[in-house]
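**Q** Read off the chains here:
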Amino acid sequence: MSTFVADTEAAPGTGFVPVDGPANRGGPPPTEVDACAPFQLVHNPKRWTVLGGRVIPAFGRLPHIPGLNGVDEVRDRHTGNVIRINAGYAKSDAQDRGKVPIPFDAIPAHHVPPGAPKSYLWRPAGRPDVTLLIYTKVFPGSKDVEIDEPRYLEFVDHLVATGVIQPVPLHVLRKMHAQRTSEHNVLLDRAQVVPSVRQLADRAAQDIAAIEAEIERRAAPTETKPATGAGFVPDGEDELPAKAARK
Amino acid sequence: MANEIVYAGIGDLSTVEVLSTKYLLLLADRNALPNHPAITLGYQGDVAGKGSSVIKVPHAGIFGYDILATGTEGSDTANTALTDGSSTITVVQKDKVYEYSDLVRMIDATGIVRPDVFAVDAVVSAGATMLDMLANLVDNFSATVGTTTVDATIRNFLDAITTLEIAKVVGPYLSILHPVQWGDIRADVATASGGAIQFNSGNEALLNGMKGLGYKGRYLDVDVFTTTRVPTANAAADRAGGMFGAGATVWADGTQAMDMADSNRMVLADKVIFERIRSGRAGLTALLSRKFVGMSEGLDAAGVSVITDA
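From first to last, the protein sequence lines are chains W and D. If you use our numbering, the first sequence corresponds to residues 1 to 247, in order. If you use our numbering, the second sequence corresponds to residues 1001 to 1310, in order.
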């Protein structure tokens, strides 16, 4: 019998391996996040938000769910299995409504994982019902989700730099600024009574600073493009100068 | 002592394990859509006999959309342009099949492998499918309230109501939120709200009742429904629920006519087709659940997305 210890003063003993049953189910379990159908990101020029101290688009999604927003499917005539999702109509409908579908491959080259197709979507192992952005991190056996914020902001910058989407308009920034300032004031009032609200007020202040920085950065007059149109004088008003001259 | 009768020694007189007479339902969001005017008024009919599986829903600017212009006596009045638009619904086939062998059916001790149990499953699953489709619409409205990575607040809820009012949306409103969002609003009401909201009698119901998923009740005159099917937004940093009135969503369905009396095929509640398909040679029985449905965004301005921390 081999002894377990070298120290002669310690009690002698032998190695022990517990019986772990006939089937040892090793390997990491799949993530437990909620199911999510494949989707295409859609930019709505009216939707913006502040993330990581930056004003970025609040993308919508065009879910590839047959029957939703005109998405159709093609089935195998023998097995009945869905073999292709047709999102073409849904995409053109989104464009008709002023939205910009983001091409799947519109990501910076260095964001493409080795050996993976160039796409902003990925599927975690063991969960074919889950489709996520490559900037969304999930963990084995957990519902936890984290966002890879720096790379997501790089992705947004890339979309603007390559002309896929336009930068946030100044008028939108001004509206966001007014709205967040109003919320900040209310939060400061509430923080007088409920101190924990203070952190919400601080976050609002950070957002306001981010919006102001964006306004400053974008303040060049050429970037302000209000809607075009023609001058207009209401009927009869064109006679006013003559009347004024008579007086 | 010897020959004691112990459990480890009666392998021929016992089995490794026996099935309990009860089973635990795996957790799932099994709720169906509420029969709410904001949804039912968007129903565009059945495609049966219509010649197409696609329905075009016109949007028309009439009944006060354009107010009267001031005319001039003795002069022709100019035409007013009729504003219009449309949504399109594509009705598709949603289905699933469970198939079991004769042997499994024979030995089933749980009572699960039975046509009547799967028939109930068919109706519940069809309802959950409709809910899933709706939840994937409410995150895409142009109007939004809430702040990225910040918990939802009662202020967001009030802002959503105001947004719909400004957009001239007719009530009653329905809010579909992720339980995280509703929980945050509830916590905000419970711990940090002041002003008039603290005296609202609805708060008591919100805090003491309304547990679980599904219909939560009416709060601030808005019907609230929670579901985990509400999708994420901003790279999953947020959840994107919504609040909307009639016209924000439109939907249609289809009824398949029964060609002849067939005891293996029936239409269940909510136009769900349930069919028993027997493969006698293989000793297999398949149970098919099928529903024809399509859903689309109607009037974008009739809804507001509530985008807050996940």
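Hints may be right or wrong, so weigh each one.
[Stated by the list, open to error] Here are the simulated DSSO-like pairs of lysine-lysine, each with C-alpha atoms no more than 30 Å apart in a straight line:
(1) W:K143 to D:K1096
(2) W:K91 to D:K1050
(3) W:K175 to D:K1168
(4) W:K91 to D:K1168
(5) W:K91 to D:K1056
(6) W:K137 to W:K118
(7) W:K91 to D:K1096
(8) W:K118 to W:K46
(9) W:K143 to D:K1211
(10) D:K1022 to W:K143
(11) W:K175 to W:K91
(12) D:K1168 to W:K46
(13) D:K1022 to W:K46
Since the hints were derived computationally from the structure, they do not count as laboratory data.
**Q** Each hint should be assessed against the structure and marked as holding or not.
**A** Against the structure, the hints come out as follows:
no.: 1; hint: W:K143 to D:K1096; in the structure: 27 Å, holds
no.: 2; hint: W:K91 to D:K1050; in the structure: 25 Å, holds
no.: 3; hint: W:K175 to D:K1168; in the structure: 20 Å, holds
no.: 4; hint: W:K91 to D:K1168; in the structure: 28 Å, holds
no.: 5; hint: W:K91 to D:K1056; in the structure: 16 Å, holds
no.: 6; hint: W:K137 to W:K118; in the structure: 18 Å, holds
no.: 7; hint: W:K91 to D:K1096; in the structure: 27 Å, holds
no.: 8; hint: W:K118 to W:K46; in the structure: 28 Å, holds
no.: 9; hint: W:K143 to D:K1211; in the structure: 21 Å, holds
no.: 10; hint: D:K1022 to W:K143; in the structure: 28 Å, holds
no.: 11; hint: W:K175 to W:K91; in the structure: 29 Å, holds
no.: 12; hint: D:K1168 to W:K46; in the structure: 18 Å, holds
no.: 13; hint: D:K1022 to W:K46; in the structure: 53 Å, violated
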